[in-house]
Each structure stands twice: as C-alpha cells, then as structure tokens.
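Visitor: Protein sequences, first through last, are from chains A and B. To convert, note that position 108 of the first sequence is 108 in the numbering used here; the numbers rise steadily by one, no gaps. To convert, note that position 106 of the second sequence is 245 in the numbering used here; the numbers rise steadily by one, no gaps.
Fair warning: there could be bad hints in the mix.
[To be verified] Here are the computed lysine to any residue pairs in the SDA-like style, where the Cα-Cα straight-line distance is at most 25 Å: (1) A:K61 x B:L208; (2) A:K61 x B:G209; (3) A:K12 x B:T204.
[As the list claims (entries may be wrong)] Each pair of labels, with its calculated beta carbon distance range: (4) B:P228 x A:Q105: 33 to 41 Å; (5) B:V146 x A:L77: 45 to 53 Å; (6) A:S64 x B:P247: 47 to 55 Å; (7) A:G81 x B:V238: 19 to 27 Å; (8) B:T295 x A:L20: 28 to 36 Å; (9) A:V9 x B:V260: 47 to 55 Å; (10) A:N65 x B:L212: 18 to 26 Å; (11) A:V102 x B:V260: 31 to 39 Å.
Source of the hints: derived by calculation from the structure; they are not laboratory data. Please read these numbers as outputs of a predicted model, since none were measured by experiment. By construction, the Cβ of each residue, glycine as well, lies at the ideal position given by its N, Cα and C atoms.
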Amino acid sequence: MKDIIVLRVMAKFFLPLIMLFALYVQFHGDYGPGGGFQAGVIFAAAIVLYTLVFGLAAARKAFSNPILLTLSAIGVLLYAGTGVAALLRGGNFLGYGFLDRVPVQGQHLGIMLVELGVGLTVFAAMVTIFFAFVGKGRR
Amino acid sequence: MVGFIDVSLFLLLAVMAVAVILQRNLFTAVMLSSVVSLLAFGLYLTLDAVDVAFTEAAVGVGITTVLFLGTLLHTGRKEKRSPKLDWLPLLLVLISGGVLVYGTLDLPTFGDADAPIHDHVATHYLEEVEEEIHIPNVVTAVLASYRGYDTLGEVTVIFTAMIAVFMLLSGLPRRSEEEEMP
Numbered sequence: 001m002k003d004i005i006v007l008r009v010m011a012k013f014f015l016p017l018i019m020l021f022a023l024y025v026q027f028h029g030d031y032g033p034g035g036g037f038q039a040g041v042i043f044a045a046a047i048v049l050y051t052l053v054f055g056l057a058a059a060r061k062a063f064s065n066p067i068l069l070t071l072s073a074i075g076v077l078l079y080a081g082t083g084v085a086a087l088l089r090g091g092n093f094l095g096y097g098f099l100d101r102v103p104v105q106g107q108h109l110g111i112m113l114v115e116l117g118v119g120l121t122v123f124a125a126m127v128t129i130f131f132a133f134v135g136k137g138r139r
Numbered sequence: 140m141v142g143f144i145d146v147s148l149f150l151l152l153a154v155m156a157v158a159v160i161l162q163r164n165l166f167t168a169v170m171l172s173s174v175v176s177l178l179a180f181g182l183y184l185t186l187d188a189v190d191v192a193f194t195e196a197a198v199g200v201g202i203t204t205v206l207f208l209g210t211l212l213h214t215g216r217k218e219k220r221s222p223k224l225d226w227l228p229l230l231l232v233l234i235s236g237g238v239l240v241y242g243t244l245d246l247p248t249f250g251d252a253d254a255p256i257h258d259h260v261a262t263h264y265l266e267e268v269e270e271e272i273h274i275p276n277v278v279t280a281v282l283a284s285y286r287g288y289d290t291l292g293e294v295t296v297i298f299t300a301m302i303a304v305f306m307l308l309s310g311l312p313r314r315s316e317e318e319e320m321p
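Chain A with its partners taken away, still in its complex shape (with noise of 0.2 Å):
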C-alpha cells in the first residue's frame, strides 16, 4: 500500500502523533486516565499502522525479533524487580513506600517504574502477536 500517496502522507502525519500520545498516557497514567497497558496498546497500534502502509520488511528493521523479545522480558523483570528492590530495602513484596525514604515518594517511583514494565511487556506482545501472524503469508 505504499503508492497510495494519501495514505502515506497521512500515516506519516498521524504516526508522531500516535506515539506521542502513547507516551503520554504512559507518563501521564498518575494524574490522567490510562497507564501502562493502554500506552502499550497505542504505541503497539501505531506499529501496526506503519506496518500495513509500509509493510512488514520496513517495520522488522525497527523491530526484530530479538528486539521485541527482550523488550517484553524487560518489561516482566522491571515489575519483578521493582517488587524485590522494595524487598532488599526492607519492605514487603512490591510495597513501594520503602524505596524511598519519604513513602508517597517512594510509591511515586514504584508506580512508574511498575506501569512503565507493564507499558514495555504489552507493546512487544501485541507486535510480537501481530508479526507472527501477517508474517507467515498465504498457504
């Protein structure tokens, strides 16, 4: 779908604008709506999009395989270990207030670091789901 011309020019005017916004709902989860699973979810969209204009072999360069998987692995081991850092501070499982010495602060950080695991691990999913399936072709 490359040569159609009003779809590239618009994706390439909406992509930014997506992820952007993606980023938003990501960083901004605290006070606005959304978090972690939606900015996944709309940064993984805006993947999606750019692949069905400018095909799979253009957005792979981006995003291979073992890019999307260690992404996703972070994700699972930035959650896991913000718990266990809250562990090693002497706190409970993923009791955030002990990782800093002011407790709301240190649930500041717990939550972000926590919702910005959540964020990574979902946008590899769904593009890993996503490639694995236009990626096998017609049978």
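Could you slot chain B onto chain A? The hints should help.
Guide: Chain B alone, transformed into the frame defined by chain A:
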C-alpha cells in the same frame, strides 16, 4: 440526552452483534465486529471509563481487527454452512444461559449504594489514596499499588501468551522437520 445516546448505542450494538452472527462472508463479519468494538468504545466513553475506552479503541477496533484480517489470509473468505441445525449444543447453550440469567436475580440492584462491592475495600481505597499514595488517578493507584500482585500476574500472563504465540506461529522449526534434515 445522555439516555438517548446510551439507548441508541446499545441498540446499534445489538443489531451489529446479530449482523456479525448472520454474516457468512468472513471479511464483512470482521469489519462488522470492528464496528461492534467501536460502539462499545462509545459506551465506555459515555460511562466515563476513559481508560477502558482507550483499550477498546486500540485493541478491539485496531489490533484485533488486523489480526482477524491476517488470519483471513490463511483461511478462506466464506464461512462453511453447517449442513443441519444441531439441537444438542443449542439446548446446552440455552440452559447455561438461562442459569446465568437466573443467577443475576440474586445480584444487588444496578447502582445500589449498599451493594457489597461498595463497603468492602473500595471505601478504603477512595478515602486513603490521597494520604497513602498521593496520586489523583485512583484507578492507577489500585492497579499498580494496592493490587500490584494481580497486575504482576497479568503482565506475566501477557508475556507467556506472547511467547506461546511466537513459538507456535513464527518460531522454531518442528522436530519432525529437523529429523528429516540430513
């Protein structure tokens, strides 16, 4: 006005759902199910559940539709008509559906302020979130902090599902193929 929007969205939702069932052209069915998701998105929006609406718009309307279209590449575009109506599955579905509806009769009335869900931990979350976590979005506080274990489990489930799909569809060569190789 809001009532009018709600009722028309629900009516359209029901019509579209029936249309998806009746449709034999799978491509049309996929597009109609995407419309169903779009209507659900509108309903979540009028219910002020904006984050659920985000998810529905991105997953339901966008990614799921594209995944279905990708699947259609591998299968045909037409649904095979089953030769005759099978009565046993229909009976089972009707009975289990009836039991579920019967179960809803015991639920508290819709919007009841004294419903058990409102006087368990929910009041604690709403009253103490300012003191304990100090972020304005209670949903994020509940999901990420109060219910952090659940969310960790959910992330693990998503991770596992991704690994499973990856291995099934795009991953490793099958063992039989490996054995055949010289």
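Visitor: Run every hint past the structure and note whether it holds.
Guide: Structure-based check of all given hints:
1. A:K61 x B:L208: holds (23 Å)
2. A:K61 x B:G209: holds (20 Å)
3. A:K12 x B:T204: holds (21 Å)
4. B:P228 x A:Q105: 33 to 41 Å: Violated, at about 57 Å.
5. B:V146 x A:L77: 45 to 53 Å: holds (47 Å)
6. A:S64 x B:P247: 47 to 55 Å: Taking Cβ atoms as reference, S64 (chain A) and P247 (chain B) lie about 52 Å apart, which means the hint holds.
7. A:G81 x B:V238: 19 to 27 Å: Given about 45 Å between the Cβ atoms, the range is violated.
8. B:T295 x A:L20: 28 to 36 Å: holds (29 Å)
9. A:V9 x B:V260: 47 to 55 Å: Holds: the Cβ-Cβ distance is about 51 Å, inside 47 to 55 Å.
10. A:N65 x B:L212: 18 to 26 Å: With Cβ atoms ~20 Å apart, the hint holds.
11. A:V102 x B:V260: 31 to 39 Å: violated (25 Å)
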